[in-house]
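S.K.: In my numbering, the protein residues as written are 1 to 129.
Misleading hints may appear alongside valid ones.
Below, a list of computed lysine-lysine pairs in the DSS-like style, where the Cα atoms sit at most 25 Å apart [stated by the list, open to error]: (1) 80 x 45; (2) 13 x 119; (3) 60 x 13; (4) 13 x 45; (5) 60 x 119; (6) 20 x 80; (7) 20 x 119; (8) 20 x 45; (9) 119 x 80.
Keep in mind that the hints were calculated from the coordinates and are not lab data.
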Amino acid sequence: MIDHISIGVSDLKASTAFYKEVLAVLDYELRDERPETSGFGRRGKSHSEFWLNARPDMAKVPAGSGVHICLRARSAEAVKNFYDAAIRLGAEDDGMPAIRPQYSNNYFAAFIRDFDGNKIEVVTFVAQI
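Construct all of the structure, not just a fragment, from the sequences and the given hints.
M.R.: Below is the structure:
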């Protein structure tokens, strides 16, 4: 399956600070910091799985571009905490935490767009409603 994912960001320092805080809710920690990239890995894993790559000339990703990254949370509370932290830090709301019956009746997710327009979803599966 997928080993790691990287996304371009226009301000590596700001995006690293943002993702350091919101990914901590999902048990990720900042593992690698280099001049042009930052890597985050889940605690207990051996490597970074989520990378930010500096793209200072990058234009904001337009909505509907097809880029969509979904990260798994351990609980509905973690989904809510991720969403709340992201919005507090300046992310754009793209779907409040809720059951998404269009996917399944136990699919609990939230969606945000980061500073560059990257669509990030966080999901968990809850008891059937």
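S.K.: Hint by hint, say whether it matches the structure.
M.R.: Hints, one by one, checked against the model:
no., hint, result
1, 80 x 45, "24 Å, holds"
2, 13 x 119, "19 Å, holds"
3, 60 x 13, "16 Å, holds"
4, 13 x 45, "24 Å, holds"
5, 60 x 119, "11 Å, holds"
6, 20 x 80, "17 Å, holds"
7, 20 x 119, "17 Å, holds"
8, 20 x 45, "16 Å, holds"
9, 119 x 80, "16 Å, holds"
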